[in-house]
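Put chain B on the given structure of chain A with help from the hints.
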Amino acid sequence: EAEVAQSPRYKITEKSQAVAFWCDPISGHATLYWYRQILGQGPELLVQFQDESVVDDSQLPKDRFSAERLKGVDSTLKIQPAELGDSAMYLCASSLGTGSQFFGPGTRLTVL
Amino acid sequence: DQQVKQNSPSLSVQEGRISILNCDYTNSMFDYFLWYKKYPAEGPTFLISISSIKDKNEDGRFTVFLNKSAKHLSLHIVPSQPGDSAVYFCAAGTSYGKLTFGQGTILTVHP
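Each protein sequence line maps, in turn, to chains A and B. Following the numbering used here from start to finish, the first sequence increments by one per residue and tops out at 112. Following the numbering used here from start to finish, the second sequence increments by one per residue and tops out at 111.
Careful: at least some of the hints might be erroneous.
Stated by the list, open to error - Okay, the calculated bits of chain A under chain B, using three or more residues with CB under 8 Å as the criterion: (1) 36-45; (2) 71-82; (3) 100-111.
Just so you know, these hints were derived from the structure itself, not from any lab. The C-beta atom is built at its ideal place from N, Cα and C for all residues, glycine as well.
Isolated chain A (complex conformation) (with noise of 0.2 Å):
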């Protein structure tokens, strides 16, 4: 069965480091997202992008967060630096088009 992958599964960083997240999605999706889900909340979306382009990234605090999928596939997720209350789980998501999203195990961030 077709599944979003991430990696890694958790990380453990201290304020001011830079992290970083990858997203391989289901093959064949174009639509690719980014949310951050904080704990007691649901998904809140960083960043969504259409094959290569970005499409939305209204929400993505851009002074410390950046996001690329440069063929068009794959994507990451970076943060430089690190603050305390970016402490969340990360996750990445797929969609043929714009219809219902599949979502992959997510990264658990941690930052101390």
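Chain B only, in chain A's frame:
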């Protein structure tokens, strides 16, 4: 401004009975709605969706009802099973693809 709200943080149900999870939204531009189930330390799993042109969609034990005039949707699980215990998120989407999620409801099904 929370556009999608799940007002019940938790719900406890006996095995075999019906579970009803509720969700309200404020943005009339949403044109489809989804329910996701999430276990701890895992990503959300897609359960069922409904287009804004329909008022009901059924898939096995799961049925989603949409009341557009009340801006309300609900997920019915019949019969509930202990394995259904998880956090349930409703989400609303537009034609651009962005999903807006509710805060989630923790469902516990007791044997």
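Open item on the list: I'd like to know which numbered hints this structure contradicts. Please list them from smallest to largest.
Closed with: Hint 2 contradicted; others consistent.
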